[in-house]
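**Student:** Each chain, letter by letter, is given below.
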Amino acid sequence: MTKNSTKQNFLLFMKINLIQLIIAVVFAANAFAIPVKAQDMLQRKVSISLQKGSIKTLLKSIEKQTDVLFSYKKDLIANDEPLTLEIKNEKVEDVLKKVLTPRNISFEIVGERQIILIRSKSLGLDLKENGSNQVNMTLPTIENNVNNDITIKGTVSDEKGEKLPGVSVILKGTSRGSTTNVDGEYSIAVTDSKSILVFSFVGFQAQEITVGNQTKINISLKIDSKALDEVVVVGYGVQKKKDLTGAVSSIDSEMFKERKETQVAQALQGAMSGVMVTRSGANGSMGGATIRIRGVTTIGDSNPLVIVDGVPVADVNQVNPNDIENLSVLKDAASASIYGSRAASGVILITTKRAKTDQASIQYNYENGFDKPTQLPDYMRASRYMELVNELRWNDAGNGANKFPTFSQDLLNNYDQKHQTDPNKYPDTDWMALTLNKMARREAHSISVIGGSKFVKSNASIRYEKLGGFYENKDYGRIFLRSNNDFTINKFIGGTVDFNFKRTNTNDPTANDPLGRIRISSPIYPALWADGRIADGKAGENVYAKIKYGGTNNNNFNQVGGRIALDLKPIDGLKLSAILAPIFDFNNQKRFNKQVDAYSADNPNQFAATLISGGLTTRLDENRSTNYSLTTQLLGNYIKTIGKSDFTALIGYENYYYKGESMGASRDQYLFDTYPFLNQGPAALRDNFGTAFETAYRSQFGRITYSYNTKYLLQANVRRDGSSRFNKDYRWGVFPSISAGWVMTEEGFMQKQNLISFLKLRASWGTLGNERIGNYPSFGIISFGNALFYQNNVAIAQQTAAQVQYAIKDISWEKTASTDLGVDAYFLKNKLRFTGDVYYKQTKDMLLALQIPIFVGFENPNQNTGIMETKGIDLDLGWTDNIGKLKYSVSANLSQFKSIMGDLGGTEFLGSKIKKKGSQFDEWYGYKSEGIYQTQEDLNNSPKLSNTVKVGDLKYTDISGPNGVPDGKISPEYDRVLLGGSLPQWMYGGNVRLEYGNFDLGITFQGIGYQQVSNLDYTDYNAENWGVFPVYLDGNTWSVNNTPDQNLAAKYPRYTETNKGFNRTQSDFWLFNGGYFRLKNIALGYTIPKNISSKIMSNNIRFYVNASDVFTVNKYPKGWDPEGFGIVTTVIGGFNISF
Amino acid sequence: MKSKILTAVLSILLFASCQNSLDLYPLAEPSAEKWYSNETEIQLALNDLYRIDWWQWDEDLSNNYLSDDGFYRQSLTPVKSGTITSQWDFSTSLWRNSYKAIARANRAIVALNSDVTKSKVAQSKLDIYVAEARFHRAAQYAKLVNHFGDVVYTDQVVSIEEAYSIGRTNKKTVTTKIYEDFDFAIKNLPTSYATTAVKRATKGAAMGLKARFALYEGDFKVAAEAAKACMDLNTFALHTDYSNLFLQSTKNSKEVIFSIPRSLELKQTVGPISDIITRNAGGFGAQNPTWDLFCSYLCTDGKTIDKSSLYDPRNPFTNRDPRCTATIVEFGTPHLGFIYDPNPTALQVTRLSSNTKVTNNDNRANAQFASFNGLVWKKRVDDSWLLNGRLIETEHFIIRYADILLMYAEAKTELNEIDDTVLAAVNAVRSRAYKVAVTATNYPAIKTKVQAELRREIRMERRMELASEGLRYMDIIRWKIAGKVLNRPIYGILDPADLKSKLVDKNLWFFAGTPSIDQDGTPDFTAMAATGLIKNLVLTTWDDRQYLWPIPTSEIQINTNMKQNEGY
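Protein chains in written order, with numbering that gives the first Met the number 0: chain A, 0 to 1138; chain B, 0 to 567.
Chain A with its partners taken away, still in its complex shape (with noise of 0.2 Å):
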């Protein structure tokens, strides 16, 4: 070295410790030094492309990229050439060197994140090159007026009175500038009262304040909506996605948005991998559906546990899915651990809206539309109907001479004529197109109002909604209220008061079934007279007048729910919180069936018979049930740092009680249908009940998160629980869980490329339990009862009592084991995101009802035995980039599991699914099939079911015998095998997002890779000895009427009573696969320009179409959705208008 160049060093040296003295003089109100981490920030990689740019854009494209804020005085860079240059991956610092060195500005790390730059002529290595006025070094104007400056002092926090910590506060078009401390706290020097302060922080939205003649700013930072999506909501808490370490899958309210689905289970399908939702049809768009995460695990409930704002509710649907902000599933042991009692089958975490500071909207939402079923399966008119009916007959009948055993020739002959002219006495009833209305109506409103102060923050949302039934006197309708409001006393005291009130109503006919019985009635019964008066079907079974006249079931569900938490800081870091939350449900049940009586088609005073199903008499019954929960909780959550070191630690207390009541009461034989009140009613024909459980539990739960250099993540949890359900001695368990992860892009070797723009593996253990089983397992109940006996010769009743089922002192907690290895990886400077997850999942002490031997004469109890073994895959792409002016973005998911029963102890029989040692769960269990016997000879040396089996019917094959080897018989004992698996495999679901001006479109699709369905629901005929048979069936059954090659070709065994239960009892022959492909939902939408809608005061409107369940490919018979009878294709159109 140089003496010269020790000179300038050491003139390096004491002008950058001038500028640091400086600087802390700037910033001395920084009591809290937060440990720079300096190197780190500049060691950031960016990817750079200008074209005759500024260097304003370039100091912001890398803001974009890391999170470094820079700051500096307008005129630094004014007046600067335009700059084009091409960065691929570099530092930060070089890219900074390489551009501001040579022009003379050097820059400096302040705080965690926030560089400034100042102009140095004199420094760095360009001092030689710009040799000419280099001792004459300026220095930072910020140091100019600093005795003349007035201080500013104030706390910085978020909108929920969170202090923030390390957010920089710059005064405006200068390069002065502080950040805050742990406690939020800044303080800097203004030069006058018209000076602005901008405060930024990330993940938030900057705000700039103009100082006047206050001293004194404390303000509150809104969270950058685009930033959202890097935060997950967590197990009492939230995380940075970047530092989870478990696999959480998460939503927000967009999605909701565009899927515009009644029910939240229904939205969640195929939105997620690893969440399985499988809908039932029979109640359309109204229904729920059943959520499996990662499969099942459980034999019992495998229901997942759902939690809104903290607090475990039923299910999902007791949310307005417009009131949600964020939907996050916690998949593995590691996240879901915290809830660990209970976690087993995964932890839906749901958070709704809340208001945020210096923020007031009204937004009102309108939608329309309609529902109509996706599609619907044909069946036979009357003339082939009776046809197939007499062959049906003739088989059972030994096929003697008379082909005509139930329906004559006269009768058949020119049938359809002569329903032409006497419709009464030949009819040709469509029972699905009479009843089925061709859609149903459906109509919403949703007002929201959000206003917050510093103090107070309000989010209050109702909406109502209605919508029709595809068949008369059924409809729903729901409203939803909340109310968000979070206070903010001072810096030690915060709290928040929620509210909310769900009512849901439902009306349906009385009569039973409504889409079953359509579809079985048979043409051949009349529904109408020709005069329009209703005819007595079947012999009183006429679906159709029974739906309109019959009375009507009316289900109200109120609920009632709040939460209160205060919140207390007392020392730096720590933040406890005591929080209470009671939910009531107060429902009620008004049934009223109405006698409905036919009278004959010539004679409108010859009863013909009441109308049956759902009852015969006018009858009430009203019933009631009230439940109460309440939960509470007690948190502390302390953060610290410590060098490069970030830990948290949670601590908590939980207990949770929920009792539920009901009674019920009612009166029959009505004489007028008039009046539903139980008091009309006669006295004598009146009946009543009531009952009441109880259930609670209590834990303590912990976690423990490091990081370091936020690079290597740590996590652990642990849970304790005792639960009401089980024996004192057998009560508590404890669920712990570790996790950690490793962001390899922070990692030297990793920063020399553009690939990946961010990698991390994460591998997490943990264990889960599941406890629900009923209220009292570990006692043997007694069960009431009436006697009837003699006394005055008259029969009286006596009160009875037995023991039904065994006492399990013993049974405890069922427990889940799951091993999780996951990676997260970003390409392409984000543009394409791909998580990916391996699991395992063993559940030990399984919950079961293994059959018993049934002469015990108990129910079979739950018991803890048998292992469940689960392996699956879960994996996530996106890629989001925009071509011109066209923003879009595509995502898919993928998710395979299999479970596999390991030693059970026992079988548990599920009729023709089973779980069994090796089985998987509920794999279908049944006979294997050869094929339809075609010859008498094939079938008298054949071992056989029984010896009424038929040429025509099925041929099984005979596996086994009571010796283990086969024995000439078929018998349920020994002949029935595992089929294969029950449950879908290779789920899928993707979504297209595009954004074109202001228009926006959305797709949606979904679906399921292969499942073994059984075909034996869509192939019944005869249901019941009168049902209609499907029109798929005619010319793919085998028949004696038709020639060999016909035979062979048939699809389906002979029709036959006598046999049906053999044919159609489960076997490999009825198995097909039911994948299927469904184009889910397509939103559309245009939001007028704000020049526009500004001038009606608006900031926004939106008008929407939406169409979802648009339609499917798969291989089930024809008119069947793969998902079942009355899954509705939803269109609505809508809009949206805030102010």
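Rather than coming from a laboratory, the hints here were simulated on the basis of the structure.
Each residue gets a CB set at the ideal place from its N, CA and C atoms; glycine is no exception.
Treat the hints with care, as some may be off.
Simulated restraints, written as ranges between beta carbons of each label pair [unchecked claim]:
| hint | chain 1 | residue 1 | chain 2 | residue 2 | range |
| --- | --- | --- | --- | --- | --- |
| 1 | B | Ser248 | A | Ala313 | 45 to 51 Å |
| 2 | B | Val120 | A | Gly963 | 48 to 54 Å |
| 3 | B | Ser92 | A | Tyr729 | 32 to 38 Å |
| 4 | A | Lys402 | B | Thr172 | 52 to 58 Å |
| 5 | A | Asn557 | B | Ser248 | 43 to 49 Å |
| 6 | B | Leu351 | A | Asn553 | 38 to 44 Å |
| 7 | A | Asn1024 | B | Lys505 | 30 to 36 Å |
| 8 | B | Lys505 | A | Lys402 | 22 to 28 Å |
| 9 | A | Asn555 | B | Ser113 | 47 to 53 Å |
| 10 | A | Gln408 | B | Leu351 | 33 to 39 Å |
| 11 | A | Gln1045 | B | Thr172 | 56 to 62 Å |
| 12 | B | Lys505 | A | Gln1045 | 40 to 46 Å |
| 13 | A | Gly904 | B | Ser92 | 25 to 31 Å |
| 14 | B | Ser158 | A | Asp686 | 36 to 42 Å |
Following the hints, complete the assembly by docking chain B onto the known chain A.
**Tutor:** Then chain B, alone, in the frame of chain A:
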């Protein structure tokens, strides 16, 4: 700072104080641990054994026809289609319900024998309680043995672990145990209860069910003795009016030895019984008596229809045993508010309430699904069936005195100990039907003492007397005639057009011929069927393996000690 910590601590304490206990006991029901501890609780446990759930019979008022007495259009139960497998619901539920009752009886007996109970309850009362429990246990085991042969026997409360080591017990051993229980019950149960007392099981009930069990198992000596003992109690008597006995308005007749009452008011009912109600009255007319039953009724001369000169196939109800028209609705008579007439030419029929002619829907010419063989049930049915949403409160008979008399006669006949008491017993039943004294001469009293002849007479008498009471199935099983009577078509009338042209127009209505009555008293329609003048509705098929029902599938699959019955 201190105040902040204080606040925090205070609020924690506040919360901790609202926590509830985790020791939650059932709110609405007691737990078994504490039950069976006093007399009231034991009484309640005994009451449970009388619940109707445990007393399902082979055939009840629903459409589950197992025997050749009745049928439901063209549908067959697995018994009659020959398609019973170990997955048959009906046998599984008999097995399950019987064992539930047995487990509860065993549980009660254990409690009754405990020292605690003994110290609290007088021995005399205790004996009656135990006798009641043992009566029920025996009755349930009897049903099981009759249907399944060897069954699992235990008189203890079995733990799950033990259960897997248990298999079926030889029928002989079980039989001994059943007799022991019945005998204990006979010894300790009261003969009768005062009218004002709650009527529970009696000596006579135990004797009657013991006789039935023994008879079904071919143990004729025991059967005869038990039946005789019951007769000798002199507490039971035949109801005067046969047809009236079965109406829902008849309660607690002296003839009924053991029954389960039903009551509309107390919500223990049967129904809606629309399948039995005729179509004119708004029912379905779908459950009908078979022609087999109809043709089994003797003529008033005591002869079978193929032998009696009194029989007229054109007027098949004339000159028949009175129980014929008490069981099956005679054509042209009032029934449920209308004149019943299935004749295809009777397109209109009188409605009694208005005395006007209305469309006759009990006729297949007008209504496709009117009775397929022209017959509808009369037994038990009266106008009151149309009330109360077609729910009825007909008493559920388990055993009645006429059955005791016939069992006595049958057992003695099989023992070939035929004496006047035997004839007196069976004639008591027959004379009651004719509403005359047993000694009267204006009814066809049975006089033969030839074993084979008397056997046939008694079998036919049983069929006439006990039709549709759920007893016929075990009769054809134990007489081993199921292979014949459940292995042939069920016949009905031709379709309306043919019926009119081939029968009515030729003046052949109702029957175009007369079936022959075989040695078991059952009609044979083969010859009539060959004429093409009757219709084969559906074919019944029998498999001899069905003489014993199969053990439910899961019992075999989960327990290696359980073996299936032969043939399944």
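**Student:** Decide, hint by hint, whether the structure agrees.
**Tutor:** How the hints compare with the structure:
1. Between B/Ser248 and A/Ala313 the C-beta distance comes to about 50 Å, which sits within the given range of 45 to 51 Å.
2. A hinted range of 48 to 54 Å holds for the C-beta pair B/Val120 and A/Gly963, which are about 53 Å apart.
3. At roughly 34 Å, the beta carbons of B/Ser92 and A/Tyr729 sit within the given window of 32 to 38 Å.
4. Between A/Lys402 and B/Thr172 the Cβ separation comes to about 55 Å, which falls inside the hinted range of 52 to 58 Å.
5. A C-beta distance of roughly 47 Å is found between A/Asn557 and B/Ser248, which places it inside the suggested range of 43 to 49 Å.
6. A hinted range of 38 to 44 Å holds for the C-beta pair B/Leu351 and A/Asn553, which are about 41 Å apart.
7. The hinted window of 30 to 36 Å between A/Asn1024 and B/Lys505 holds, with their beta carbons roughly 33 Å apart.
8. Range check, B/Lys505 to A/Lys402: about 24 Å between beta-carbon atoms, so the 22 to 28 Å window is met.
9. Distance hint check: the CB atoms of A/Asn555 and B/Ser113 are about 50 Å apart, consistent with the given range 47 to 53 Å.
10. Separation of A/Gln408 from B/Leu351 is about 36 Å and conforms to the stated range, judged on CB atoms against 33 to 39 Å.
11. Take A/Gln1045 and B/Thr172: their Cβ atoms lie about 58 Å apart, and the range 56 to 62 Å holds.
12. For the pair B/Lys505 and A/Gln1045, the supplied restraint of 40 to 46 Å holds, since their beta-carbon distance comes to about 41 Å.
13. Judged by the Cβ atoms, the range 25 to 31 Å given for A/Gly904 and B/Ser92 holds: they are separated by roughly 26 Å.
14. Take B/Ser158 and A/Asp686: their Cβ atoms lie about 38 Å apart, and the range 36 to 42 Å holds.
Checked against the numbered hints given earlier, this structure breaks none of them.
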